[in-house]
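2 protein chains.
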Amino acid sequence: MREVFQQELQEVQERLVEIASLVARSIEKAVQAFNGSDVALAEEVISDDNEIDRAAVELDELAITILARQQPVARDLRIVVSTLRISASLERMGDMSTHIAQLARYRFPDKVIPKSVRPTFADMGRLDVAIANKLVELLRTENLALAEDIRNEDDAIDALHLTVFEKVLGEKWKGETVDTVDATLASRYHERFADHAVSIAKKVQYLATGDWVPESA
Amino acid sequence: MREVFQQELQEVQERLVEIASLVARSIEKAVQAFNGSDVALAEEVISDDNEIDRAAVELDELAITILARQQPVARDLRIVVSTLRISASLERMGDMSTHIAQLARYRFPDKVIPKSVRPTFADMGRLDVAIANKLVELLRTENLALAEDIRNEDDAIDALHLTVFEKVLGEKWKGETVDTVDATLASRYHERFADHAVSIAKKVQYLATGDWVPESA
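If you're matching them up, the sequences are chains P and B in order.
Numbering-wise (the UniProt record's numbering), the first sequence opens with residue 1 and increments by one.
Numbering-wise (the UniProt record's numbering), the second sequence opens with residue 1 and increments by one.
Treat the hints loosely; a few may be bogus.
Chain copies aren't distinguished; within one or between two, either way the pair holds.
What the hints assert, rightly or not - Straight-line distance between alpha carbons at most 25 Å, and here's what the computed SDA-like set of lysine to any residue pairs gives:
#	residue 1	residue 2
1	172	39
2	111	40
3	111	75
4	174	51
5	115	161
6	115	50
7	172	7
8	111	12
9	167	13
10	167	188
11	115	72
12	174	79
13	111	171
14	115	205
15	174	55
16	167	22
17	172	161
18	115	171
19	111	6
20	174	141
21	172	72
Simulated from the structure, these hints should not be mistaken for lab results.
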């Protein structure tokens, strides 16, 4: 029984890593589709999101089955509860990739956003991809130094998010209304993607140390 | 032991209702602050959000303690797992109220958005408040007819969300860039608030029937 349980916990962790890998691939493609106005790639991100959703639901079912059958306590219980929280955040990260891809698709064949903010979005996209890849490693290794990296990269994204608004609201902004809408939404989606990663990093920290870091901290 | 457990489950439910009531008050004030450019009320919403965050964290702690000590199964387990999910969504609804209030504060003493979209936002706000109040009742009574109402009102909000974009991107739009940014963000926050309510309604349905409705459905 005990051995089965350890195998199940192992499987939970592997599935989290798997879903995080799907999310990393989806943000990578979404960023490329957004920056390069690649509508085929955007469609791929949108249709692949089902896979992330399904994997998250299946993992939740597994976690609930473990709670019912194994009645874990202490660290084992923390793993299972954290799994439920982390899978919800991963699912939302997949949604953010999808929203970014949708912006690319709506405006095709035009570029989504005017030249003046493209470098800022390229930076945000690069950081989101880096964060997603680090998240996969963090879930695989529980190396908390990666949690720290993710928080720092999130700070950098927040700064870029402000830059977008400064540019859009600045005197030199030549964008049309549709550009303003797209830049506002795109910036928000890039920023939220990173927020969810930070939220997961906190949960991994809780898992590793037992110290609960509230969502709002 | 059994009796203690039933009392604890009762307390979990009462606390969910309590947090939902705080959220209902916060969206009511946020909508009023936003539509009436009331900066004092906006400040109140922003500072009161701590209370929602704290209550959600405390409820999570209680739920995890129950999992560890009572090792619930079947419906009892569903209640505790759903509590963790619902408290996360309520916490996010409080964040959406705060974001709406922040928009009112940033632009003070100007009105947040131009005349042409004010009636649309008044409608969205009214629906968000109605949804929040129904959510309190749904959590209190588990009357699934309210879940249906919430879904219908969410559909109405989604339609208004599209109306905002049609207006903003229409030929008659006279707003400045800052108005476009505000309308885009405000519409997104109003719409997300309702999404979270729908997501909670699904969880209550799961609780009542045992049928899991995936997040993405």
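Here's how the hints hold up against the structure:
Taking the shortest alpha-carbon separations for residue 172 and residue 39, neither the intra-copy value of 29 Å nor the inter-copy value of 30 Å comes in at or below 25 Å. Taking CA atoms no more than 25 Å apart as the test, residue 111 paired with residue 40 passes inside one copy only; the shortest distance there is 14 Å, against 41 Å between copies. When the C-alpha separation of residue 111 and residue 75 is checked against a cutoff of 25 Å, the pair qualifies neither within a copy, at 49 Å, nor between copies, at 51 Å. Neither within a single protomer nor between protomers do residue 174 and residue 51 lie at most 25 Å apart by alpha-carbon distance, with minima of 39 Å and 42 Å respectively.
For the homomeric pair residue 115 and residue 161, the shortest alpha-carbon distance inside one copy (16 Å) is at most 25 Å, but the shortest distance between copies (28 Å) is not. Within a single copy, residue 115 and residue 50 get their C-alpha atoms no closer than 32 Å, and across copies no closer than 40 Å, so neither meets the 25 Å cut-off. When the C-alpha separation of residue 172 and residue 7 is checked against a cutoff of 25 Å, the pair qualifies neither within a copy, at 59 Å, nor between copies, at 62 Å. In this homomeric assembly, residue 111 and residue 12 never come within 25 Å of each other (Cα to Cα): the closest approach is 41 Å inside a single copy and 50 Å across copies.
Within a single copy, residue 167 and residue 13 get their C-alpha atoms no closer than 42 Å, and across copies no closer than 47 Å, so neither meets the 25 Å cut-off. Taking the shortest alpha-carbon separations for residue 167 and residue 188, both the intra-copy value of 15 Å and the inter-copy value of 21 Å come in at or below 25 Å. In this assembly of identical chains, the alpha carbons of residue 115 and residue 72 never lie at most 25 Å apart, being 54 Å within a copy and 57 Å across copies at closest. In the homo-oligomer, the alpha carbons of residue 174 and residue 79 never lie at most 25 Å apart, since the shortest distance is 50 Å inside one protomer and 53 Å across protomers.
Taking the closest pair of Cα atoms, residue 111 and residue 171 come within 25 Å of each other both inside a single copy (22 Å) and across two copies (21 Å). Taking CA atoms no more than 25 Å apart as the test, residue 115 paired with residue 205 passes in neither setting, with 40 Å inside one copy and 47 Å between copies. Taking CA atoms no more than 25 Å apart as the test, residue 174 paired with residue 55 passes in neither setting, with 43 Å inside one copy and 46 Å between copies. For the homomeric pair residue 167 and residue 22, neither the shortest alpha-carbon distance inside one copy (33 Å) nor that between copies (37 Å) is at most 25 Å.
In this homomeric assembly, residue 172 and residue 161 come within 25 Å of each other (Cα to Cα) only inside a single copy, at 18 Å, whereas the closest approach across copies is 29 Å. With identical chains, the CA atoms of residue 115 and residue 171 are at most 25 Å apart both within one copy (15 Å) and between copies (24 Å). Proximity of residue 111 to residue 6 under the C-alpha cut-off of 25 Å is found in neither arrangement, the shortest distances being 50 Å within a copy and 58 Å between copies. In this homomeric assembly, residue 174 and residue 141 never come within 25 Å of each other (Cα to Cα): the closest approach is 46 Å inside a single copy and 53 Å across copies.
Taking the shortest Cα distances, residue 172 and residue 72 never come within 25 Å of each other, neither inside one copy (59 Å) nor across copies (61 Å).
In this structure, the earlier hints numbered 1, 3, 4, 6, 7, 8, 9, 11, 12, 14, 15, 16, 19, 20, 21 are contradicted, and the remaining ones agree with it.
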